[in-house]
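Each chain, letter by letter, is given below.
There are 4 protein chains.
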Amino acid sequence: MHTIPVGVLGASGYAGRELCALIYRHPALSLAFATANSQRGETITLPLGGTVTFQATDDVRLQDAALIFTALPHGTSAEWVARARAAGARVVDLSHDHRIGNGASDGIPYGLTELRREQVRHAPLVANPGCYPTSALVPLAPLVARGLIAPEGTVHIHSASGVSGAGLTARLDLLFGEVTENFRAYGTGNAHRHLNEMRAFAAELGSDAELCFTPHLLPVARGILSTITVPLTAPLDDVLAPFREHYAGERFIEVVDALPELRQVQHRNVVRLTARAMAGTRRPMLQVFSAIDNLMKGAAGQALQNANLMLGLDEAAGLPA
Amino acid sequence: MHTIPVGVLGASGYAGRELCALIYRHPALSLAFATANSQRGETITLPLGGTVTFQATDDVRLQDAALIFTALPHGTSAEWVARARAAGARVVDLSHDHRIGNGASDGIPYGLTELRREQVRHAPLVANPGCYPTSALVPLAPLVARGLIAPEGTVHIHSASGVSGAGLTARLDLLFGEVTENFRAYGTGNAHRHLNEMRAFAAELGSDAELCFTPHLLPVARGILSTITVPLTAPLDDVLAPFREHYAGERFIEVVDALPELRQVQHRNVVRLTARAMAGTRRPMLQVFSAIDNLMKGAAGQALQNANLMLGLDEAAGLPA
Amino acid sequence: MHTIPVGVLGASGYAGRELCALIYRHPALSLAFATANSQRGETITLPLGGTVTFQATDDVRLQDAALIFTALPHGTSAEWVARARAAGARVVDLSHDHRIGNGASDGIPYGLTELRREQVRHAPLVANPGCYPTSALVPLAPLVARGLIAPEGTVHIHSASGVSGAGLTARLDLLFGEVTENFRAYGTGNAHRHLNEMRAFAAELGSDAELCFTPHLLPVARGILSTITVPLTAPLDDVLAPFREHYAGERFIEVVDALPELRQVQHRNVVRLTARAMAGTRRPMLQVFSAIDNLMKGAAGQALQNANLMLGLDEAAGLPA
Amino acid sequence: MHTIPVGVLGASGYAGRELCALIYRHPALSLAFATANSQRGETITLPLGGTVTFQATDDVRLQDAALIFTALPHGTSAEWVARARAAGARVVDLSHDHRIGNGASDGIPYGLTELRREQVRHAPLVANPGCYPTSALVPLAPLVARGLIAPEGTVHIHSASGVSGAGLTARLDLLFGEVTENFRAYGTGNAHRHLNEMRAFAAELGSDAELCFTPHLLPVARGILSTITVPLTAPLDDVLAPFREHYAGERFIEVVDALPELRQVQHRNVVRLTARAMAGTRRPMLQVFSAIDNLMKGAAGQALQNANLMLGLDEAAGLPA
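Protein chains in written order, with the working numbering: chain G, -13 to 307; chain U, -13 to 307; chain Z, -13 to 307; chain A, -13 to 307.
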């Protein structure tokens, strides 16, 4: 069987490398090129074996790939998306340049796969969601769809992420000596740009609930845990029922009884979630806990899930679930 | 100058050892005895040098100490508090047996030192606060005192603690191999017993706000960060002013501009806090971030701070701030 | 195609769980039973998905499995090996009960696969090697075979292991709070039992060199790095040549130029190694650096590699390399 | 009492900050200036409280300090040492520019305090030792002095250090995401420059033993553990006796029975060591284990210990032991 050639622009960061590793082991895809201007000519070993040699972005023939993943820095991605499209390639853009709430997103599906599967399947360009929004919107969608969120209340999204979320960048505050045995909030006061993305997609889903979002930096390499508090219109008999119904049959959404932990999702393309009723509150309140691997379902894994759909492959091909 | 003899019952846990280390370096105290039934006869090296030899609790003469710290397991402490009192010693109880909201606390000051200084000074027995309540109540008190918390709203306390908060106990889920690169919530659904303590003391301060509390387990040895979201009655011009005024002159409360981090408070007897207004919300909302070392201001450090007051010493004697 | 049923006795420890996870994803094997007396009836989620329910060891029908892995505590394994053999099953024993240098090992192949492939293929019982010996003997074998080790010198094996090597046991010294930010030696003075295993197999390979071995405990979950200093009979023009020749074509031995790191081998069934000449020494001296995942090539992975051979399957089936 | 003004050139790195923190709490010293060109004008909070504001190195009056610590990058320190001397200040140089075996060291004492106390006391300039050499030479000196090291044998120094040893520099390979759960050797093949320093000082002590040295990078913030294997001229009845005798009365050398761990020495200005005889070797062999905090006894702490001596103060003033 012939494999389908795909390319990765901006392959030297954490998400780009993860993509290369997934493509390397994918049964139906081959890596036509992987670019990284700062490391052109370098060959690296991929996490579970195999190697990749980076090329300069200007040196590759975009038309050699049927589909291109753009994992370039935010702001510089849009230009390369346009070039890739002009070369006839379909595109999954991992930057926020075309994401809902962040810029030019008209008609471009927001690739939260389980919620936008049909749009993704036929789109020439998909905007791959941010890691925090994925961890928050998958839990919120079933509640929005059922009208369960009290409109006058506030949804509090409290998230903690491993350092790979900040990218493979040489910042002093990301050194081991600064992160180990430490924990801190950042992007506080509702200032993190992922909040816009969450608000815009929640609105598209039909929610007018107020969202607040506070991210924190964990001393772990990968993983996001989001603790989401939701005021309800009415108490729920079975707090897991909305999630179980909404995601019935989904291979990458795990609705479970126990509280999810980061290590249950690392290196896997899943959202793992559960819910608890809050005791002793005046109005009914639900807490939802979701765990993802920010590089997998939060970036490269979901990008590949979308690409599989776009290329007519099994949605789960090459994806550890 | 003579030193004052003090004793520690239950000295082999994390809080007990920290207390022994603090007493060892204290300029005006000496350690009359340190008990640990399971390790009787063992000599351990204290963190910053010095050694201590544990005795059986039944083998020590309680009357040899002017003041006794009880760091025994919750539930078994009350009996030894009574014996220590009968032997004429004053007592700082680190268990929750006599804490507000947790049991028999009539007339026993809740030793959140900065908020109950005068009661502590003259009390025969002080109930030392829990670690999470310390991290939450110090930030909340100035807002309660100024009537700033919207009564119909909900205060969300979202905390993350290092593993020493769970004590020095041989549990599989606390092994390095299970905690490293991991993060998870626990005591969810408002089920953690520290919430009662917070609610009871907030009520004593005059608050009728609804409190919700969710703790998490961090892959760090020590430290708590609490992210507290508070609905306000009105916007604040200067979000730090209530805290700066309330704690003016306090040596162990640090109101700062930057977001607090665990490493800024480890091994120190301080609460470090800041606040931010939440942008884009319908009603004014404040977020307060507080960091403490759960073994210092959250346990042994505050216990010594209280003991210093009770013994007429400088409140800061022997305490790294 | 029918799958071959295999069983795991002692499946609740780190190595046992790893085995269950590997079998779960294996294309040609199925898990007939997994036993853990202390957790009988419990169902756990495996690392990369799937679940397993533990049974009591006495409750399973050993004859239901064509091959049985015994991952029981050292000392108790031999009895169950005998029962499994009596029930007609072939056995891979992960304990040291039948390992060379450790006890009753007459005629039982020492399953360092690449060095004993033919014996393993036809054996009813294979003694799976220890983790440290695997990390040391794979690098030493090519040097022994070529007579390169100076007989009057001493080979120094200095190893550091992640905590999973100590097993999933509730020991205070393995708590996160005791291991994080720490490092220490143990089993010093040549007292670790893995040294006997190394010496006995090196002798079987034909070496009379003196071996010294010092293990250390790393604050990581999994992985062993061994730094091995070898006095040579003569300088080597190409320090990697002996290893490249000896292991040519091997899929699970990676001889590389760069220094190996733990993260390059985690979750993979490989030995990754390189070598360096020591500058400025009187006689020629070589340093070999080898990295393995102690739960994969150091335990469960190699056990499966051996089982694949014994069952006539592709040696690499179900093994991430 | 007047305090003595001291200055720190190159104060923004890990060692420089540690020095500022020690000086801040020192009973007899005050900080006249702290320079850091890249962070001029910035104010930072010191680890245990207090703040310091960095100045440009060209902007300070060197004559304002009675003693100056130079913690500048290797290679650029020598020039500032000369300027500081010209301004009349005594100098403790933390770089390797004037260290034995590394460059211009004629007549400049090598400040391994316990071994060169009298030379340090009266010197205008002291070369503060490297971290690895401190961890190795303190254990070796008693053996050299007693002629216990077999001259034809090789001393193997196998060390592992926390990341602060690499400095506060924005290198990708020092990011948390690259160091956590990892371990690797570096400077292999006897290529690390600290080996020259060890060899030169060992020779000055009278040793002609061959030294080999291999450093490793630990996933911890601070601390060095050295495992040193020494061939002996004869077996020792009491393996600790040489160390206990040699360092009798020393406040910063801890000769102990148990194996030293990093956490026992972190934030303390000590070398903690023990020794074990190697069993089953042809000739007698000793293994010595030493632990230090690389930023304290390995850098800033020992620098202050030397400065205390030079200024006629108690050698232990301001130093946690």
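Please keep in mind that the hints were generated in silico from the structure rather than gathered at the bench. Bear in mind the structure is a predicted one, so any value in this text is a computation, not a measurement. A virtual CB, placed ideally from N, CA and C, is assigned to each residue, including glycine. Accuracy of the hints is not assured; some may be wrong.
Which bits of chain G does chain U cover? Going by a derived footprint, with three or more residues having C-beta under 8 Å, they are [to be verified]: (1) 121 to 132; (2) 205 to 212.
If you want the ones that stay clear, here's a sample from chain U, every Cβ over 10 Å from chain G, calculated [claimed, not checked]: (3) Arg11; (4) Ala42; (5) Asp50; (6) Ala109; (7) Asn168; (8) Ala171; (9) Arg179; (10) Leu204; (11) Val206; (12) Glu231; (13) Leu248; (14) Ala263.
Sample of chain Z residues lacking proximity to chain G, with all beta carbon distances greater than 10 Å (derived) [as the list claims (entries may be wrong)]: (15) Glu100; (16) Ala136; (17) Glu138; (18) Gly153; (19) Ala307.
List in ascending order the numbers of the hints, as given earlier, that are violated by the structure. 1, 7, 8, 10, 11, 13, 14 and 19
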